[in-house]
Amino acid sequence: MAYENTEVAVSKSQDAIRRLIYSHRGTGLMLLSQPPREGFEAMVELDKLPYHIRVMATARTIDKHGKHWRVRSQSMMESLVEQENRRVWRVLYWHLKAMFEAADAGVIDIRDIIMPYVVLRDGLTLADHIKPQMASLMTTDPSRLLTGGVQ
Numbered sequence: 048m049a050y051e052n053t054e055v056a057v058s059k060s061q062d063a064i065r066r067l068i069y070s071h072r073g074t075g076l077m078l079l080s081q082p083p084r085e086g087f088e089a090m091v092e093l094d095k096l097p098y099h100i101r102v103m104a105t106a107r108t109i110d111k112h113g114k115h116w117r118v119r120s121q122s123m124m125e126s127l128v129e130q131e132n133r134r135v136w137r138v139l140y141w142h143l144k145a146m147f148e149a150a151d152a153g154v155i156d157i158r159d160i161i162m163p164y165v166v167l168r169d170g171l172t173l174a175d176h177i178k179p180q181m182a183s184l185m186t187t188d189p190s191r192l193l194t195g196g197v198q
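Going by this note's numbering, the final residue of the sequence shown carries number 198, and the count climbs one at a time with no gaps.
One should not assume that every hint holds.
[To be verified] Here are the computed distance ranges between Cβ atoms for each label pair:
1) D110 to R158: 38 to 46 Å
2) A152 to V118: 17 to 25 Å
3) W116 to Q81: 12 to 20 Å
4) V55 to E125: 17 to 25 Å
5) P179 to E125: 32 to 40 Å
6) A149 to L173: 39 to 47 Å
7) S120 to L184: 41 to 49 Å
[What the hints assert, rightly or not] Simulated crosslink set (SDA-like; lysine to any residue; CA at most 25 Å straight-line):
8) K178 to V138
9) K95 to V138
10) K114 to E51
11) K144 to R65
12) K144 to L93
13) K178 to T108
14) K178 to A152
15) K178 to D159
16) K59 to L127
17) K95 to L127
18) K95 to E54
19) K111 to L93
20) K95 to T108
21) K178 to L127
22) K95 to K178
Hints listed in this document are in silico derivations from the structure and should not be mistaken for laboratory results. Fair warning: this is a prediction, and the values are worked out from it, not measured in the lab. Yeah, the Cβ is synthetic: ideal placement off N, Cα and C, and Gly gets one too.
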């Protein structure tokens, strides 16, 4: 699994996220930790308009039982939870970096990239609104496949 054994401290990944946000017209950043959810909210200015975004990831639950169903010690559990947090924050950093690199290269418009993460007036993201309706909104019309929606 990606970043499974990363040794990069959570604080270093968070600092790298901070630098990325502020180097891309960010005007505010809040780091969030609501286990098992980890992530951040940021204000990013695009075309002189402020966009509030929230990017969250879910840490895996660490089983208190190890190999052969032996109960893990408290120190082992703490170590495994810390490793999972390092992994999650590293993934968040690289995800954000990839999004900004695609936009910086002019390959994908930044608004298209951040759209699922935009926080709306009700406090939910656009993705939070769309996900429950996703199946009904999708089309499986074979005649539209690979046409970019053009008929």
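So, going through the hints one by one against the coordinates:
1. Under the hint 38 to 46 Å, the C-beta atoms of D110 and R158, about 41 Å apart, fit the expected range.
2. Hint check: A152 to V118, Cβ distance near 50 Å, so the stated range 17 to 25 Å is violated.
3. The given range of 12 to 20 Å is broken by W116 and Q81, whose C-beta atoms sit roughly 30 Å from each other.
4. Look at V55 against E125: about 18 Å separates their beta carbons, and that is inside 17 to 25 Å.
5. Separated by about 36 Å at the C-beta atoms, P179 and E125 satisfy the suggested range of 32 to 40 Å.
6. In this structure the supplied range 39 to 47 Å is violated for A149 paired with L173, their Cβ-Cβ distance being about 18 Å.
7. At roughly 48 Å, the beta-carbon separation of S120 and L184 lies within the given 41 to 49 Å, and the hint holds.
8. Distance restraint check for K178 and V138: the Cα-Cα separation of roughly 22 Å lies within the 25 Å cut-off, and the hinted pair is therefore satisfied.
9. Using a Cα cut-off of 25 Å, the hinted pair K95 and V138 is violated, with the two alpha carbons roughly 29 Å apart.
10. Among the hinted pairs, K114 with E51 is consistent with the structure: their alpha-carbon atoms are about 18 Å apart, no more than 25 Å.
11. Taking the CA atoms of K144 and R65, the gap is near 11 Å; set against the 25 Å cutoff, the hint holds.
12. For the given pair, K144 sits about 17 Å from L93 by alpha-carbon distance, which is consistent with the 25 Å threshold.
13. Annotation: proposed proximity of K178 to T108 holds, straight-line Cα distance about 23 Å (limit 25 Å).
14. For the proposed pair K178 and A152, the alpha carbon gap of about 29 Å is over 25 Å, so the pair is violated.
15. At roughly 16 Å between alpha-carbon atoms, K178 and D159 fall within 25 Å of each other, so this suggested pair holds.
16. A C-alpha spacing of about 18 Å is found between K59 and L127, which places the hinted pair at or below 25 Å, so the restraint holds.
17. For the hint linking K95 to L127, the alpha-carbon distance of about 43 Å lies beyond 25 Å, and the restraint is violated.
18. Of the supplied pair hints, the one linking K95 and E54 is violated, its CA atoms being roughly 38 Å apart against a limit of 25 Å.
19. As the CA atoms of K111 and L93 are separated by approximately 45 Å, the hinted pair breaks the 25 Å bound.
20. Distance hint between K95 and T108 is unfulfilled; the C-alpha atoms sit about 41 Å from each other, more than 25 Å.
21. Distance hint between K178 and L127 is unfulfilled; the C-alpha atoms sit about 31 Å from each other, more than 25 Å.
22. In summary, the hint linking K95 to K178 is not supported, as the alpha carbons are separated by about 29 Å, beyond the 25 Å threshold.
Violated hints for the displayed structure, listed by number in ascending order: 2, 3, 6, 9, 14, 17, 18, 19, 20, 21, 22.
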